[in-house]
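Can you build the whole structure from these sequences, using the hints too?
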Amino acid sequence: MIEVRGLSVTFKNKGRAVKAVQNASFHVAEGEIFGIVGESGSGKSTLLKAIAGLIEPSPRSLLIEGQEMGVKRSKADRKLMQFVFQDPYGSLHPRQTVDDILREPLIIHGIVDIDTEVSKALADVGLQPLHRYRYPHQLSGGQRQRVAIARALILKPRILLLDEPTSALDVSIQAEILNLISNLRLTYQLTSILVSHDLAVVAHLCSRIAVMRLGEIVEILNVEDLRNHKATQHYTSELLAASVGYSRTA
Amino acid sequence: MSSAQSSTMTWHDWLASETPTSRVQALSSRVYQSIGAVTANPAAFTGLIIISILILIAMFAGVITHGVSPYAQILAERLAAPSTTHWFGTDELGRDIFARIVYGARVTLTIVLLVSILVAPIGLAVGTLAGYLGGWVDIVLMRVTDVFLAFPRLVLALAFAAALGPGIENAVIAISLTAWPPYARMARAETIAIKNSDFISAVVLQGASTARILFRHIVPLCISSLIIRLTLDMAGIILTAAGLGFLGLGAQPPAAEWGAMVASGRNVILDQWWVATIPGFAIFIVSLGFNFLGDGLRDVFDPKKS
Numbered sequence: 000m001i002e003v004r005g006l007s008v009t010f011k012n013k014g015r016a017v018k019a020v021q022n023a024s025f026h027v028a029e030g031e032i033f034g035i036v037g038e039s040g041s042g043k044s045t046l047l048k049a050i051a052g053l054i055e056p057s058p059r060s061l062l063i064e065g066q067e068m069g070v071k072r073s074k075a076d077r078k079l080m081q082f083v084f085q086d087p088y089g090s091l092h093p094r095q096t097v098d099d100i101l102r103e104p105l106i107i108h109g110i111v112d113i114d115t116e117v118s119k120a121l122a123d124v125g126l127q128p129l130h131r132y133r134y135p136h137q138l139s140g141g142q143r144q145r146v147a148i149a150r151a152l153i154l155k156p157r158i159l160l161l162d163e164p165t166s167a168l169d170v171s172i173q174a175e176i177l178n179l180i181s182n183l184r185l186t187y188q189l190t191s192i193l194v195s196h197d198l199a200v201v202a203h204l205c206s207r208i209a210v211m212r213l214g215e216i217v218e219i220l221n222v223e224d225l226r227n228h229k230a231t232q233h234y235t236s237e238l239l240a241a242s243v244g245y246s247r248t249a
Numbered sequence: 000m001s002s003a004q005s006s007t008m009t010w011h012d013w014l015a016s017e018t019p020t021s022r023v024q025a026l027s028s029r030v031y032q033s034i035g036a037v038t039a040n041p042a043a044f045t046g047l048i049i050i051s052i053l054i055l056i057a058m059f060a061g062v063i064t065h066g067v068s069p070y071a072q073i074l075a076e077r078l079a080a081p082s083t084t085h086w087f088g089t090d091e092l093g094r095d096i097f098a099r100i101v102y103g104a105r106v107t108l109t110i111v112l113l114v115s116i117l118v119a120p121i122g123l124a125v126g127t128l129a130g131y132l133g134g135w136v137d138i139v140l141m142r143v144t145d146v147f148l149a150f151p152r153l154v155l156a157l158a159f160a161a162a163l164g165p166g167i168e169n170a171v172i173a174i175s176l177t178a179w180p181p182y183a184r185m186a187r188a189e190t191i192a193i194k195n196s197d198f199i200s201a202v203v204l205q206g207a208s209t210a211r212i213l214f215r216h217i218v219p220l221c222i223s224s225l226i227i228r229l230t231l232d233m234a235g236i237i238l239t240a241a242g243l244g245f246l247g248l249g250a251q252p253p254a255a256e257w258g259a260m261v262a263s264g265r266n267v268i269l270d271q272w273w274v275a276t277i278p279g280f281a282i283f284i285v286s287l288g289f290n291f292l293g294d295g296l297r298d299v300f301d302p303k304k305s
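These protein sequence lines map, in sequence, to chains A and B. Here numbering that gives the first Met the number 0 is used: position 121 in the first sequence is 120, and no number is missing along the way. Here numbering that gives the first Met the number 0 is used: position 180 in the second sequence is 179, and no number is missing along the way.
What you were told as hints is all true, and nothing was included just to trick you.
Calculated cross-link-like contacts (lysine-lysine; reagent style DSBU-like; alpha-carbon spacing at most 30 Å):
{"#": "1", "chain 1": "A", "residue 1": "155", "chain 2": "B", "residue 2": "194"}
{"#": "2", "chain 1": "B", "residue 1": "194", "chain 2": "A", "residue 2": "78"}
{"#": "3", "chain 1": "A", "residue 1": "13", "chain 2": "B", "residue 2": "194"}
{"#": "4", "chain 1": "B", "residue 1": "194", "chain 2": "A", "residue 2": "74"}
{"#": "5", "chain 1": "B", "residue 1": "194", "chain 2": "A", "residue 2": "71"}
{"#": "6", "chain 1": "A", "residue 1": "11", "chain 2": "B", "residue 2": "194"}
Don't read these hints as lab results, they were simulated from the structure.
Listed below in structure tokens is the structure:
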């Protein structure tokens, strides 16, 4: 479904080129949820944004359903793939009600019966009708992230990209949102890529995981190997050890 | 009485509700809260009162002056001192200054209104386009803005009024031409700050067109600071208009325009002070009113505060 072949992203800043992602390659099958982990600055979010079409990837490196894609995409291609951002405080327009926010994608794609679609989307993510005409500042972080998920799913995309969807939320809410995501994925048969620095989150949701470091994919392993700490690369083993916690004697 | 009280209570409840049930209610409750915030701010409230009075005076000029025409000349009573018949005295042609001040409010308001509807859209369009598109569009638009910004305001306005011929409309065009660049710069700066936010990326990913992103998502966020700036600038615009009038390039005789009235009183300022002083005072109060309102609005709507 998603094929990444030697994808690189280079940022040019005042004549200096920074390679944020180098030669990343992986494949995500239909219905699979693929995880990308790494420390901050490892390029995982950049890679996801390149797949989403927010950042230009290197030419001929990204195929979605066998079709080559860059930053310029048709409306239909946009509809195929939606994105949930990390920060629910920054991803909702501060002057629009939840209703306006959910209406917008439907209007853009000329979908009729907006009213029922919006109330259905709210119900899907576990929000009450009373939240519908509130502004984002009247909602909690978890509720905002639910709105962001509803906005992503209202177009019925087949691919959902998740950029650290829980890292801005406190722990009790994180579990709720993760369960919501995994339930919705089953209901809508979504193919997903989840980016996170939290190995527990990734292990909970994903079947295969790519480990990134300094813009490169160090290794791709499946979730059993991750749980059993069977990494082939030294860096991954270190990362896994760090996620368990450091012991004094070591 | 109790029923009236309960009905106002429900209105308040409906407007202040944290859980609006329709788009109309959500919008009205936001407007209601803004109005509440503005009236709670003393400076903004004073400014609002002054400007409301100005608007009322302009609307009911005929009633307020009891039908005295601002153009009626009574040469026998020229340069009469303020009295019960002529509250503010008369000018050098025996016209009642009170009536002229009252009708002059219309001229002032016309200028204010026309400049606002010219300047705000131009500034917004140029600024948001430059900020959002970036690249060569940004460079071209901003250099044009710089060129207009480099001209001294009154001098460019003078040149325009001189080239197009004197008159209120041309004065308005001249003022607008020199007034829009700061708005474009402001809108550009705000757009650049907003355009990389996630909520804009989200609509990009939904497949929204550039025009839709600009008008539906970016412009609404630029408007509040634009209105604040416009209100604060209004005093300057009124003074520029009065200055053009004073120099004979604004409203033409016999129109009652405050700046031109100050100019006509200049010759007799030592002996008949009221001819120049009273219109000057009117300009002062209205400018002050707009300044108060602008300051208050800034306090209320400053995004850095809330």
